[in-house]
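> According to the numbering used here, the sequence shown is numbered sequentially starting from 75.
Below, a list of computed lysine to any residue pairs in the SDA-like style, where the Cα atoms sit at most 25 Å apart:
id, residue 1, residue 2
1, 192, 161
2, 286, 413
3, 201, 176
4, 309, 420
5, 157, 169
6, 377, 427
7, 360, 320
8, 260, 250
9, 252, 239
10, 260, 402
11, 360, 436
12, 431, 339
DEER-style ranges, computed between Cβ atoms:
id, residue 1, residue 2, range
13, 199, 379, 19 to 25 Å
14, 293, 422, 28 to 34 Å
15, 179, 332, 43 to 49 Å
Worth flagging that the hints you see were computed from the coordinates, not collected in a lab.
Note that this is a predicted model, so its numbers are computed, not measured.
Note that CB positions come from ideal geometry on N, CA and C, so glycine has one too.
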Amino acid sequence: MLRTVLMAFFSMAVGYIVLVFLIDGVLQDSFPTIIIHLLMKFGMDRAEANRFYGTVFMQNKGLFMALGFIVLFLIFFYLAMSKVTSYLNNIGAEIENILSDSEAPVTLEPELKPISEKLNTLKMTLKRREYEAMESEQRKNDLVVFLAHDLKTPLTSIIAYLTMLDEQPELSEEDREKYIHISLEKSIRLGELISEFFEITRFNLQDIVLQKETLDISMMLEQLADESYAVLAEKSLTCSIHTDDNLLVDADPDKLARVFDNLLRNAIAYSYPGTNIDIRAFGEQKDIIITFSNQGDQIPPQKLNFIFEKFYRVDNARQSRTGGAGLGLSIAKEIVELHGGAIAASSSPVCTRFTVKLPRHEEAQPAAAKKWGRIAKNGGKE
Numbered sequence: 075m076l077r078t079v080l081m082a083f084f085s086m087a088v089g090y091i092v093l094v095f096l097i098d099g100v101l102q103d104s105f106p107t108i109i110i111h112l113l114m115k116f117g118m119d120r121a122e123a124n125r126f127y128g129t130v131f132m133q134n135k136g137l138f139m140a141l142g143f144i145v146l147f148l149i150f151f152y153l154a155m156s157k158v159t160s161y162l163n164n165i166g167a168e169i170e171n172i173l174s175d176s177e178a179p180v181t182l183e184p185e186l187k188p189i190s191e192k193l194n195t196l197k198m199t200l201k202r203r204e205y206e207a208m209e210s211e212q213r214k215n216d217l218v219v220f221l222a223h224d225l226k227t228p229l230t231s232i233i234a235y236l237t238m239l240d241e242q243p244e245l246s247e248e249d250r251e252k253y254i255h256i257s258l259e260k261s262i263r264l265g266e267l268i269s270e271f272f273e274i275t276r277f278n279l280q281d282i283v284l285q286k287e288t289l290d291i292s293m294m295l296e297q298l299a300d301e302s303y304a305v306l307a308e309k310s311l312t313c314s315i316h317t318d319d320n321l322l323v324d325a326d327p328d329k330l331a332r333v334f335d336n337l338l339r340n341a342i343a344y345s346y347p348g349t350n351i352d353i354r355a356f357g358e359q360k361d362i363i364i365t366f367s368n369q370g371d372q373i374p375p376q377k378l379n380f381i382f383e384k385f386y387r388v389d390n391a392r393q394s395r396t397g398g399a400g401l402g403l404s405i406a407k408e409i410v411e412l413h414g415g416a417i418a419a420s421s422s423p424v425c426t427r428f429t430v431k432l433p434r435h436e437e438a439q440p441a442a443a444k445k446w447g448r449i450a451k452n453g454g455k456e
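Construct the entire structure; sequences and hints are all you get.
See below:
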């Protein structure tokens with residue numbers, strides 16, 4: 075647009091110079107002759123035409139030059155604005171293209187190539203965000219179906235067993251205790267599902283505020299393994315912990331514990347019975363790396379990139395068997411990233427590994443000696 079306006083002013087300047095050059099230069103003698111000849115055509119004699127030319131044209135030549143310049147200005151300004159209007163109409167039409175469902179690229183005139191490239195980038199960004207929003211909405215709808223199924227299954231079992239206990243008072247004490255125990259297990263599972271659902275809702279509806287303090291990662295991991303002894307023993311799993319010394323981070327203890335607890339519970343849920351869960355932590359120059367490795371079914375490569383997304387579940391049937399709603403990893407990712415870290419996953423037929431990277435405590439020195447934990451036979455850390 076600026077270039078068009080400058081070209082218009084340049085053209086007017088050239089036109090004005092040409093006008094002056096013609097009237098006061100090349101046509102200095104011819105111009106009066108032409109004017110006088112025209113006046114004589116309207117019935118004036120030569121003397122009267124000469125007087126009229128001298129009075130009107132010669133004495134007001136500056137005025138006529140100014141009028142000529144104004145006419146030139148209006149002509150060139152109109153042409154320039156017509157070009158600008160054409161550009162704006164072209165841009166407006168392509169904006170409609172962006173807002174529509176059309177797959178055609180934005181095409182503008184060659185002079186507007188930079189704008190065309192930016193509009194194409196904008197169109198691709200909007201299309202990608204629209205697609206991601208649709209995918210997220212679909213996963214959210216799927217989650218409602220999954221939750222309804224996951225909640226209904228234990229609830230149906232609880233109602234069935236309680237009805238049996240109520241309607242069959244002649245049941246033996248052994249059967250009665252058995253059904254009460256099963257109902258209790260189903261109730262606990264139901265409570266865990268509801269808690270997990272409300273947890274993800276709470277994290278989505280409000281900002282996570284970190285209450286940081288300096289923590290020893292080694293101690294936190296050891297405490298976590300000790301607290302998981304009963305769950306590990308139930309599946310005949312062992313847990314080994316291998317850590318460097320002096321692994322200090324500035325973090326929110328409750329929220330970081332939730333991350334590690336979620337990763338360990340995932341490892342327990344998807345480990346083959348009788349295998350070992352390997353937890354390692356070691357220091358780098360500026361970061362601390364924590365890994366959780368377990369032996370279990372391989373996560374398909376095409377699904378591995380999505381496991382940290384909200385409302386995504388790798389295997390609906392397997393998730394139902396393990397009792398989770400598939401929501402914890404997205405929270406874990408959000409918490410780790412709020413600490414300035416990163417979380418990733420890898421999986422092979424041999425093992426599945428989750429890796430957490432956290433910024434080191436600024437005053438902590440690089441780790442030197444290894445501190446190896448012993449393997450507990452039926453879970454926990456001895």
